[in-house]
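Given the coordinates of chain L, assemble chain B onto it according to the supplied hints.
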Amino acid sequence: MKSWIAFWSILKKDIQNYYLKPPNISWGIIFPLSWTLMQFIRSGSLNIIEFLPGLMSMSILFGTTSMLAVTITFERKGRSFERLLLAPISLNTMVLAKITGAVLFGILNAFIPAAVAAFFADLTGVNWGVVLLAVCLISITSTLLGLLIAVSAKEVFEAQTFSNFFRFPMLFLCGLFIPIHELPAFFRLLSYCLPLTYGTDILNGAIAQTNTMPSLLCIPVLLAFAVFLFVICRYNINRKWIL
Amino acid sequence: MDIVNVTNLKKTYGDFAAVNGVDFSIGQGEIFGFLGPNGAGKTSTINMMIGLAKPTEGTIIIKGIDVRKQVKKAQSIMGIVPDESNLYDELDGFENLCFCASLYGMRKEERESKAKQLLDEFRLTEAGKRPFKAYSKGMRRKLVIAAGIIHSPQILFLDEPTTGIDIESARQIRELIVELKNQGTTVFITTHYIEDAERICDRIAFIVSGKIIAIGSIPELMESISHGYMIRLSAEESIMKYAADLQARFEGCNIKASQNNSLVLASQNRIPLLPVIQYFDEKGVSIYEARQLSPTLEDVFVKVTGIEAEKLEKEKEKGVAGK
Numbered sequence: 029m030k031s032w033i034a035f036w037s038i039l040k041k042d043i044q045n046y047y048l049k050p051p052n053i054s055w056g057i058i059f060p061l062s063w064t065l066m067q068f069i070r071s072g073s074l075n076i077i078e079f080l081p082g083l084m085s086m087s088i089l090f091g092t093t094s095m096l097a098v099t100i101t102f103e104r105k106g107r108s109f110e111r112l113l114l115a116p117i118s119l120n121t122m123v124l125a126k127i128t129g130a131v132l133f134g135i136l137n138a139f140i141p142a143a144v145a146a147f148f149a150d151l152t153g154v155n156w157g158v159v160l161l162a163v164c165l166i167s168i169t170s171t172l173l174g175l176l177i178a179v180s181a182k183e184v185f186e187a188q189t190f191s192n193f194f195r196f197p198m199l200f201l202c203g204l205f206i207p208i209h210e211l212p213a214f215f216r217l218l219s220y221c222l223p224l225t226y227g228t229d230i231l232n233g234a235i236a237q238t239n240t241m242p243s244l245l246c247i248p249v250l251l252a253f254a255v256f257l258f259v260i261c262r263y264n265i266n267r268k269w270i271l
Numbered sequence: 074m075d076i077v078n079v080t081n082l083k084k085t086y087g088d089f090a091a092v093n094g095v096d097f098s099i100g101q102g103e104i105f106g107f108l109g110p111n112g113a114g115k116t117s118t119i120n121m122m123i124g125l126a127k128p129t130e131g132t133i134i135i136k137g138i139d140v141r142k143q144v145k146k147a148q149s150i151m152g153i154v155p156d157e158s159n160l161y162d163e164l165d166g167f168e169n170l171c172f173c174a175s176l177y178g179m180r181k182e183e184r185e186s187k188a189k190q191l192l193d194e195f196r197l198t199e200a201g202k203r204p205f206k207a208y209s210k211g212m213r214r215k216l217v218i219a220a221g222i223i224h225s226p227q228i229l230f231l232d233e234p235t236t237g238i239d240i241e242s243a244r245q246i247r248e249l250i251v252e253l254k255n256q257g258t259t260v261f262i263t264t265h266y267i268e269d270a271e272r273i274c275d276r277i278a279f280i281v282s283g284k285i286i287a288i289g290s291i292p293e294l295m296e297s298i299s300h301g302y303m304i305r306l307s308a309e310e311s312i313m314k315y316a317a318d319l320q321a322r323f324e325g326c327n328i329k330a331s332q333n334n335s336l337v338l339a340s341q342n343r344i345p346l347l348p349v350i351q352y353f354d355e356k357g358v359s360i361y362e363a364r365q366l367s368p369t370l371e372d373v374f375v376k377v378t379g380i381e382a383e384k385l386e387k388e389k390e391k392g393v394a395g396k
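Chains L and B, in that order, give the protein sequences.
In terms of the numbering used here, the first sequence opens at residue 29 and continues consecutively.
In terms of the numbering used here, the second sequence opens at residue 74 and continues consecutively.
Simulated from the structure, these hints should not be mistaken for lab results.
Here the structure is a predicted model, which means the values were calculated and not measured.
Heads up, a few of these hints could be off.
Here are a few chain B residues that face chain L, going by a calculated C-beta distance under 8 Å [claimed, not checked]: (1) Ile123; (2) Lys145; (3) Gln148; (4) Ser149; (5) Asn159; (6) Leu160; (7) Glu163; (8) Cys173; (9) Leu176; (10) Gly178.
The C-beta atom is built at its ideal place from N, Cα and C for all residues, glycine as well.
If we strip away everything but chain L, and leave its shape as in the complex, we get (with noise of 0.2 Å):
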């Protein structure tokens, strides 16, 4: 029960102190409409359903990323953080309640292109369930990708810096502006280590239906990734923050 009140005190803190200010509001309204004028101005015309898993997950991987690595980084630096580190509740609640913020800001990002394009387009066919798990997964992949960014920057523009480094290569690999099997084999064989290849595969499937792999394969994998990742981060957490 202390845990579960700790917890929840973290979460509601960041969200109010973090993910409901007016900026991050308006970057998850400004951030998919420009990436669709884009994509508009380019092409002269635009399939909103087979645009709209693309822009999803990049909405998605561009507001987790950045926040929690920028969240985490900036309260290391005011040494608020060490307040949660000297807090009796586990490491793994603490963290927990860290990403999980992250992770219903990324959601509500990723939703948010999706109510828009439903004014311009048939969403019948979208198979929903399927939409939000695959939102849910891709939100705490790249929430973890934050969390492992802010263990290793000091500074809050390492962070940013950071994030680029990750977020970019993952954008052009993950068969988003290019599809995976005419990269080089290289660049394809690195495509399918990073999560947001299956994120984006089965959004396509559930809404545009042009998925290349099932979604029984990529739903196990991006949970493997999410494991995976949450180790490293808790193991990097210990090694790094409690010197």
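Then chain B, alone, in the frame of chain L:
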């Protein structure tokens, strides 16, 4: 009964030993001062005790809990007040206190009533509605301390509690520390202000280069450097010219010129005052004060560490101003 037992505590970073075999114990309800210059190993020791750093060697037992093995259990009975404010700028004073209480599993009603009570006690009731970032330095310090005790810890770690704040706030904080002791809380305090330590600590340890070089109660520490007796005589006129004559008359006494119209008589034995007063009376000089001099904690610090106390305080204040 001891609440803290630290044995052979060591912390090394590569070849550098920040803490090099520290041993001490703290009694239940005691205010224990930990004094030393910058880089002496104070922060490393405190960090290991609170679970923010892992000891290279040694044991830390707090209330029967091995901190190395059950750090979270040990943290549940600790209150920690770091040397810098570590609350949330965006939250107001009340929200900050409630948040800190929730980390210890306190329920909503309990944490809200305790937060209100502490804001009253610290005279921050009005400020409790303002964001933490709008607080003055003294107010910030008081709120951080309130956050450290909101869960009624059995042992409180205070790192430089009065550094860089106004006299009134510092006085309030000292009173609070004594009040906590009276309620049975054990207090571990690090400070650069030797007067603070002298006023409130029951026992003190001096740490230099990662080693404790002196430990004991204040009378014990003073006794360790006090050899013999000293009396300062003050007159209305300069009495320095009588120093040599006095030295010849009172064998076994060491006569030293003091400031203004004073002389200091030092001896291994008790100094009878009447012959001295009579001597000056014969010379037509009125002695209006004869005061026995005792060493201060500052004298002890200078003696055992070889560091001027004033330099130590300036060093710290410079550090605080630079932050």
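Worksheet item: With a cut-off of 8 Å, does the beta carbon of glutamate 163 (chain B) approach a beta carbon of chain L closely enough for the hint to hold?
Response: Status holds, d = 5 Å.
Worksheet item: Does glycine 178 (chain B) pass the interface check with chain L, least Cβ-Cβ distance below 8 Å?
Response: holds, 3 Å
Discussion item. Quick check on the hint: serine 149 (chain B) CB to chain L CB, less than 8 Å?
Written reply: holds, 4 Å
Discussion item. Given leucine 176 (chain B) as an interface hint, is its Cβ closer than 8 Å to any Cβ of chain L?
Written reply: holds, 4 Å
Worksheet item: Measuring from the C-beta of isoleucine 123 (chain B) to each C-beta in chain L, is the shortest one below 8 Å?
Response: holds, 6 Å
Practice prompt. Grab the minimum C-beta distance from asparagine 159 (chain B) to chain L and call the hint holds if it beats 8 Å, violated otherwise.
Written response: This interface hint holds because 4 Å falls under the 8 Å limit.
Item to complete: Double-check cysteine 173 (chain B) for me: the hint is only fine if its C-beta lies closer than 8 Å to a C-beta in chain L.
Response: holds, 7 Å
Worksheet item: Per the CB criterion, is glutamine 148 (chain B) less than 8 Å away from chain L?
Response: Hint on glutamine 148 (chain B): holds, closest Cβ of chain L at ~4 Å, below 8 Å.
Item to complete: For the hint on lysine 145 (chain B), just tell me whether its beta-carbon gets within less than 8 Å of chain L.
Response: holds, 5 Å
Item to complete: Double-check leucine 160 (chain B) for me: the hint is only fine if its C-beta lies closer than 8 Å to a C-beta in chain L.
Response: Constraint on leucine 160 (chain B) satisfied, holds at 6 Å.
Checked against the numbered hints given earlier, this structure breaks none of them.
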